[in-house]
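Visitor: Chain by chain, the residues:
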Amino acid sequence: MRFGGLTAVRSVDFTVNSGEIVGLIGPNGAGKTTFFNCLTGLYVPTEGTVSYQGTVLPPKPHLVTKAGIARTFQNIRLFANMTVLENVLVGRHTRTREGLWSALLRGPGFKKAEKASEARAMELLEFIGLAHKRDHLARNLPYGEQRKLEIARALASEPGLLLLDEPTAGMNPQETRATEELVFAIRDMGIAVLVIEHDMRFIFNLCDRVAVLVQGEKLVEGTSEVVQADDRVIAAYLGEPFEGDPAQNEAKAAGTTKGEAQ
Amino acid sequence: MHTLPQQLANGLLLGSMYGLIAIGYTMVYGIVQLINFAHGEIFMTGAFGALTVYVYILPDGTSMWAAVPLMLIGGGIVSVLVAVGAERFAYRPLRQAPRLAPLITAIGLSLTLQELVRNFYPGADKSRAFPSLDATHSIGSVDITDADIFLVCAAIVCMSSLAWFVRKSRTGRAMQATAQDPDTAQLMGIDTNRIIVVAFAIGGFFAAVAALSYGLKYGNIDYRMGFLMGLKAFTAAVMGGIGNIYGAMLGGVVLGIAETLASAYISNIPGMQQLGGQSWANVWAFVLLILVLLFRPQGLLGERVADRA
Amino acid sequence: MTETKSPATPPADATPTTATRGLIGLPLPAARALLLLGGIATAASAFLAWTWTSDFPGDLTVYGYPGGLQWLTFVAGVLTALFALASYGVRGLRWLLPARNNAPLVLTALGGFGVTWFTAIEIAAKLGGLANWEPGTYIAVVASLIPVIGAFALPQEAGESTKETLKAYIAKPEAIPAPQPIAPWIQRLIITIVAALGLGVFAYGIDTQYGEIFIGFLIVLVFAVWALHTAGLLDRFSAMVADNRSFTLAMGFLAAIAFPLTQTDDHYANIGVNILIFGTVALGLNIVVGLAGLLDLGYVAFLGVGAYTAALVSGSEFSRFSGVQFPFWAAALAGAAASLIFGVLIGAPTLRLRGDYLAIVTLGFGEIFRLAVNNMDGVSGPDITNGPNGIPSIPDLKLFGFNFGEAHDLGGFTIGRFANYYLLMVLVMALVVTVYRRAADSRIGRSWIAIREDETAATAMGINGFRVKLIAFALGASLAGLAGTVSAHVTYNVVPNPYQFAGAAPPNSAFLLAAVVLGGMGTVSGPILGAALLYLLPEKLVFLQDKSLLAFGIALILLMRFRPEGIIANRRRQLEFHETGQLDVPETTTLSDEPAVTKAGA
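Protein chains in written order, with the numbering used here: chain A, -5 to 256; chain B, 11 to 319; chain C, 280 to 881.
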């Protein structure tokens, strides 16, 4: 993935197997979020492909979600003025069929589907513990609950792979612990999870495998022990902490420099 | 029947006028991502400002050599004031609002300006005569008037000074920075409010230049003149790649030529005999916009975004 | 502006502390007495003669009977007295003031004062001088001032400045005590009464014969509704409506049908039918603007496409296809389908891009539509639409042997031509309301709102943004086309001129958008109310006609600045416009804002 002259992510080969929690770490600006955006079709990769369960995914966000990859955002992007329940129902979009006509005619099929969607959404709200706030506006939730709701919304699309972009950013230790439990529970549902995080303890507690991304390239990949012991990782974090910084800013400004792809 | 070179010249002239107005759209958009719908009316008020100078301030019989620069100043002052006032009092309070809000404000502003002129400018409800420069010169097979010469010179001077300003001056560079990333620019000590005002002011002044050329060329102005001109100038800005100042001028010229050629020649195409002529020119301009959006939505110069102001 | 820091008013029986005293220093009993007696006196003064000549509209010369504007003074006086009684805690009236706050008293008193003084000043101005006042006028002027004095003598926690205190006087309290449970049948009875009242008020407004009375009507209406709002009664009523949604809709529908029965003159039914057409189209636009957040500035062109289609197949001898006469259902379908096709043609290239492009392309389309139908007269273009002359002599509709052009007798009431069409339009509007509500509350409606809220997140949730936006746009276009087919028959002819971006009278795209924005985006009743207001204002206030567009432009700017959510605020919209909220969403990069354009470059 290149932005103008800048290469944000380069040759990152990466596989996540089902039932696995994989962590993606790296200093600020290493290209983690850009990598996510490529995965989910928000950016069109300059080169390379994303495949899921053996099929190559087209770079369109809605098709990626439909194929079974759901995500959360680093800076929460809930539908602020919709209720908690409605947010999760929007997540059900790809798993339901009802179009305009059935909405207008309100046949039995429509009612059944709406009921089923709502039941499923309520299950998910129970799962994250927000069922009692179903009719609150998303914007009125406290920060931690907004993070949870975003996860529930992503789960509503019945993904096989869930991408979490800094799910514990700004959380206190208790909340972080709770999120950890939540991620384990999601894994136990048979969903593969890929997490971006800065909180090392969180990552190493959680993940079966950890990959380190530095300056857009994959440095190491392996179990927590392997990664923790790797000198290059330590160097990347402590030795040159601000090296990669400009990349992140560049990625942000990419709207004005415009993605270039072949 | 005009010759092809004459048609091309006409298109080029019309296009320069579109381009001058389009600069206003594109600069404002480049910096605040706002489509200033009322820009067509800023153009219109500029024309009335210039007319005011000629009719009510200058003594009768002032030579046009003296009158035109003074009219330019008068029109420029009016347009710039209206543009800056619109920014300050209508758009600025809405900068954090959902994007529908400034668009609706712009429509309100556009109606207000039109109606103010129609209701309160003497005789503006019908078209008002504007002093025209219609002395004709022949260059080869092409006839051009003094007004055309003024338009071409003004467009060239405006474009080159703008290019210099954006590239070399401190404010111009601050402008580029703000366009890239307003938040960072602000952190770097750039007064973004001032930059935005400057963008509105430049756009307003260029619109006044276009308005004066319009009056001198066509010999009359009315309160509705801004609507279609504004719409087409915006089309030009989009065609050139919105946010790109050179694109705006290029888009204007392409649109002007395409429109002129379409109204002149499309009736020669079998099956389309009745779709030519001036009355369909606007339709073709619009069809062109749709085609551009379909096939090249980023505009003709869309990839040079890094250079935009 | 309902949020203030000091809304708390002490309960009526508590002794006012030093902090809470009135702006006018009077003891509480005196203030209340002034309100009550002043209210009664104001109402009573309406029975006196206010002027000596019947030259003033409404004939205010009669003793013993109110006329014209006096009726409005009377109503305002009675309302003030009722609220005053409620503030005493009179049994049976307590429900009028659940929060026991000052605002309803202040506002009704101001309403009475406003309409009475307006009348008195109009009399003096119209007839030339105070000499035209009768003793009754002086009494009314004084009587209507009394409750205002009383109202501002009510104890009120003082704000930091006089302005703040004044604001606090008319503020709605933050918490309205929950109502006692009301039996369902009483709830329904109340809804029925309100529907009947609404019909009465609406019919009164339409029937006003003079601009003066209409202004007086607006003054009383605005202050009365405002008073009910600050009293918390509107909230209670909407809660009641929420519990009885279908019943309310049915009653609203009945009230709408009953409207022509209240009219003796078919002219007013004509106004009614035009309001309905305007409102229906505004509601269709609301799907596009209010739900999906797409700004359509050429919406009236779709109305025009429908109208022209219907006219062409109406069997009018001036139509290009004069031999063709479709039955109405086929013409309606054809009109809707033609608009749909244009909607898709316009929407498909533009909806992939940022929303602003749509605005400008639709603006262009609206203008081009008008130019094209103007040109297609066989001289400067193909011969299809008969150019600026349009297609006249469109025959009246006949449905199941029912001729819409003739007056019919119905149980003693005469239903005239326009009343027939009015009833047809009620059906069309009912259809559009149903479409709106059902679409909004479904998978597709949720995806529209999601797109409006955050397009990037919506697509990441699997919504095909382009597709659902196109559906919204096309649906809006076909509903407008449908309304257009009826409007062609109502007006006998179609001409290019009304289908423009901005004009002095509705419908045009700017007025339509304003109806939606003024009434309240994303609500059902908002655009209809907005349409009624925007239609009636230029119709009734003839003196405004020349300046109406100016007033209207200024109003749009002020509205966006001070109350962007419109008269009837959608809960979501209100928050969206007024709060920054807790979400750290605003940190959007330019890239995520325009993914479509960025990608198109790839």
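Possibly wrong hints are sitting among the right ones.
Example chain C residues on the side facing chain B (calculated, C-beta under 7 Å, incomplete) [what the hints assert, rightly or not]:
no., residue
1, Leu409
2, Pro463
3, Gln466
4, Ile469
5, Asn668
6, Val796
7, Leu829
8, Ile836
9, Pro843
Partner residues are not named here, just some residues of chain B that face chain C (Cβ under 8 Å, in silico) [what the hints assert, rightly or not]:
no., residue
10, Pro103
11, Ala107
12, Ile114
13, Thr122
14, Phe244
15, Pro280
16, Gln284
17, Gly287
18, Phe296
19, Leu298
20, Ile300
21, Leu310
Using 16 Å as the maximum straight-line C-alpha spacing, the simulated EDC-like pairs for lysine to aspartate or glutamate come out as follows [to be verified]:
no., chain 1, residue 1, chain 2, residue 2
22, A, Lys127, A, Glu112
23, A, Lys106, C, Asp825
24, A, Lys127, A, Glu139
25, B, Lys136, C, Asp720
26, B, Lys227, B, Asp156
27, B, Lys136, B, Asp232
28, C, Lys826, B, Asp135
29, B, Lys227, B, Asp153
30, A, Lys212, A, Asp7
31, A, Lys60, A, Glu152
32, A, Lys212, A, Asp225
33, A, Lys109, C, Asp720
34, A, Lys105, C, Asp720
35, A, Lys212, A, Asp224
36, C, Lys405, C, Asp334
These aren't lab readings, by the way, just hints derived from the structure by calculation. In this text, a Cβ means the ideal position worked out from N, Cα and C, and glycines have one as well.
Visitor: Hint by hint, say whether it matches the structure.
Guide: Status of the hints after comparison with the structure:
no.	hint	in the structure
1	Leu409	violated, 32 Å
2	Pro463	violated, 39 Å
3	Gln466	violated, 36 Å
4	Ile469	violated, 36 Å
5	Asn668	violated, 16 Å
6	Val796	holds, 6 Å
7	Leu829	holds, 4 Å
8	Ile836	holds, 4 Å
9	Pro843	holds, 5 Å
10	Pro103	holds, 6 Å
11	Ala107	holds, 7 Å
12	Ile114	holds, 5 Å
13	Thr122	holds, 3 Å
14	Phe244	holds, 5 Å
15	Pro280	violated, 14 Å
16	Gln284	holds, 5 Å
17	Gly287	holds, 6 Å
18	Phe296	holds, 5 Å
19	Leu298	violated, 11 Å
20	Ile300	holds, 5 Å
21	Leu310	violated, 13 Å
22	Lys127/A with Glu112/A	holds, 14 Å
23	Lys106/A with Asp825/C	violated, 56 Å
24	Lys127/A with Glu139/A	holds, 10 Å
25	Lys136/B with Asp720/C	violated, 49 Å
26	Lys227/B with Asp156/B	holds, 8 Å
27	Lys136/B with Asp232/B	holds, 6 Å
28	Lys826/C with Asp135/B	holds, 12 Å
29	Lys227/B with Asp153/B	holds, 13 Å
30	Lys212/A with Asp7/A	holds, 8 Å
31	Lys60/A with Glu152/A	holds, 9 Å
32	Lys212/A with Asp225/A	holds, 14 Å
33	Lys109/A with Asp720/C	holds, 13 Å
34	Lys105/A with Asp720/C	holds, 12 Å
35	Lys212/A with Asp224/A	holds, 13 Å
36	Lys405/C with Asp334/C	holds, 9 Å
When the structure is compared with the earlier hints, violations turn up for hints 1, 2, 3, 4, 5, 15, 19, 21, 23, 25 and for no others.
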